[in-house]
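Spelled out from the first residue to the last, the chains are:
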Amino acid sequence: MLTVSGLSKRYVDVIALDGASFQAAPGRIVGFLGPNGAGKTTAMRCIFGLVRPDAGEIHWQGEPVDTASRLRFGYMPEERGLYPKMKIDDQLRYLGRLSGMSKADAAAAADDWLARLGLSERARSTLEQLSHGNRQRVQLAAALVHRPVLAVLDEPFAGLDPLGTDALARELRALAAQGTCIVFSSHQLDLVQGVCEDVVIIDRGRVVVTGTLDELRSRSAVRRLAVDVDGQPWTPAIPGAREVTSGELGTDHHLLLPADASVEEILSQAQHAGRISSFSFEPPSLSDIFREAVAR
Amino acid sequence: MSAWRQVALVARRDFVQRATSKPFLFTMVLIVGLVLVTGPLLANAGQPDLTRRVGIVGEPSATFTASFEALAAQVELEPQLIDVDDLTVGRERLAAGDVHAVLVLDPAPGVVVWQSEPDLRLASVLTGALRADAQQRQAAETGLSPPEVQRLVDPEAPGVEVVEPSDPAEAGEQAAVFVGMLLLYLSVIIFGQFVMLAVVEEKSSRVVEVILSRVLPYRLLAGKVIGIGALAIVQIVLLAAAFYVVGRQVAPEEIDLAVGVGLLASIVGWFLVGFAFYAVLYAALGSTVTRQEDTQSVALLPLVFVLPGYFIAIFSTENPDGLLPTVASILPPTSPFVMPVRSTVGDVPSWQLGLSVVLLLLATYGMIRLAGRIYTGAILSIGAKVSLRDAWRGSAHVPSA
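In order, the protein sequence lines correspond to chains A and B.
According to the numbering used here, the first sequence is numbered sequentially starting from 1.
According to the numbering used here, the second sequence is numbered sequentially starting from 1.
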């Protein structure tokens, strides 16, 4: 179990972390979510000793995290990068050995990861000879080659196409099934809600929401309603309803209603308004939950 | 996982990556090849031409020829006598530059003809031989017996004593010191900059964060300096071997293998300490920039120490016990350049040698602490150039041990 408690970090002109606390359990995929600048990267760097927090503690299985325990963690930084002119199997072996693997173990693990990512034939290529997508794969392997007990991935889904997103999600689920604790960050909350099991939402350096995804969604005091009547978005006359626009392009219109709103009432209003072309009434999305939590 | 194992892994990677890179291998082969090929050519170009051609009109006597050869050998000339029909032909050949002088034997005592300036060494040989010939002839006319003539013409030579004979090996030692100094100086600058580039490369490719999640910054720094330093020593040994091969070819009597090996050991020893000092300085400066093109601005700073060290070292070959060479050979950061020269050329008291080594080791330790802190503070700051002050302060946030 990773336990982060009361983490604070102030830079000259910004407060990056303001008493952030959360936990992540082995075998679980934890989404560490929040808008850009919320403090995700700083918190992750603290776990690896790359940033020393002003206050707060980090424990793994009850023990304070130190240089030795960090060797069993894997980190994929937000700023991607490996040695451009080094052959990729050499890089993975090197990183495996730096993490304490024997020469033979590191070689086997590197071969294993390259096979798993479909890169066996490119093993003797240098990083700069690979396509962007393949570099991303090698970067993931670099974080995981030494079979870490805790994998911390900063924005692993950034820049992936839908197929890449699915493939990465499959890898993460497979790792979690082997008992690895996975913490990944994202600023695109709705994109990753199908991936994470547990959610930690951070805003302005403070953790504002934690829990399992299912629990958070069902426990929420609001429901998400989207109705199209005669092909146009339609709004019922229900007290407490709020119109919300979201999505990357601001084209996703929906309403947030109190959880106890009557579906039958809405449905009958809509039927009177015209022909219903689409109707959804469901638990709120992660970005809805985030919005509720920070009241923005 | 011990610290040393990580340091060794980093050192090995930096050594192997650079040693197997095509540009490095190419440069290496080129430099060693240049030394092997051009060394003998340059050395020969520096030798004075000893041949002298003398046009001779008439038939020289045995006395003249013997005396001519003996005198020429004394002044280390290799003259040739070339038969010329008469003075007119001789003048033509003189004007054409075919011969250095023309000698007309008849009538006695003969005439030496020069085109412009007489060559003083050759002139002494020619007049000496003519005079010996004349003495021989005149002595014979006086009716003396051949042994008496011999005693008169060639009296017993005075004894000669040389108090401090020049040792040919000393010239070789001077040359070796000069070559060694150049190697030391170039290696510190070139491989110091390699360390700097390796640091900037890790920062600009962003791989440094992946590495630092596994390795503490000071271990990464130590591994880099050791790996690239080892590569430098390989290059020093290869080049020293190339210079030795050239030396044996050019002047075998001046080259002593024992002196060469001793000097090489001294260069490598001084390089180890001197390089450690400068390499961490280069690394610290490299860590403050993110892009390769920004390295220019900081790469010149170490030269402020290296260049004076080099020039004082040259100066100290002439005057090894002067005040400036003495002080510069004891105090860092010039001591790694000046002391090896002074201790080879002159007689350095052992307390000076000891003090110099101790001070340099202390300064190196201080530089490792200072540069390590700057490196640690700056290495994760991506983007604009980091000021040394911010790097110093920033490192309070990153563990250094």
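Hints are computed from structural coordinates only; laboratory data are not their basis.
Any given hint might turn out to be false.
Unchecked claim - One-sided and incomplete, this derived list gives chain B residues near chain A with beta-carbon spacing under 10 Å:
no. : residue
1   : R5
2   : L41
3   : E59
4   : T63
5   : Q80
6   : D86
7   : T88
8   : Q115
9   : S116
10  : V208
11  : V245
12  : R248
13  : R369
Beta carbons are placed, not taken as given, at the ideal position from N, Cα and C, and that holds for glycine.
Hint-by-hint comparison with the structure:
1. Because the smallest distance between the Cβ of R5 of chain B and any Cβ of chain A comes to about 8 Å, under 10 Å, the interface hint for this residue holds.
2. Taking 10 Å as the C-beta cut-off, the interface hint given for L41 of chain B is violated, the closest approach to chain A being about 37 Å.
3. At a threshold of 10 Å, the smallest CB-CB gap from E59 of chain B to chain A is about 78 Å, leaving the interface hint violated.
4. Interface hint status for T63 of chain B: violated, as the beta-carbon distance to the closest one in chain A is roughly 78 Å, over 10 Å.
5. At about 62 Å, the closest approach between the beta carbon of Q80 of chain B and any beta carbon in chain A exceeds 10 Å, and the interface hint on this residue is violated.
6. For the restraint placing D86 of chain B at the interface with chain A, the shortest Cβ-Cβ distance is roughly 77 Å, beyond the 10 Å limit, so the hint is violated.
7. Contact between T88 of chain B and chain A, as hinted, is not supported at the beta carbon level, the nearest pair being about 76 Å apart and thus beyond 10 Å.
8. Annotation: Q115 of chain B was flagged as interfacial toward chain A, and the flag is violated, the nearest CB pair being 65 Å apart, outside 10 Å.
9. Proximity of S116 of chain B to chain A is violated relative to the hint, the smallest CB-CB distance being about 65 Å (cut-off 10 Å).
10. Interface hint status for V208 of chain B: upheld, as the beta-carbon distance to the closest one in chain A is roughly 8 Å, under 10 Å.
11. Checking V245 of chain B against chain A by beta carbon gives a least distance of about 33 Å; that is not within 10 Å, so the hint is violated.
12. For R248 of chain B, the shortest C-beta to C-beta distance to chain A is roughly 39 Å, which exceeds 10 Å, and the interface hint is violated.
13. Given the 10 Å rule on beta carbons, the hint for R369 of chain B is violated: about 18 Å separates it from the nearest Cβ of chain A.
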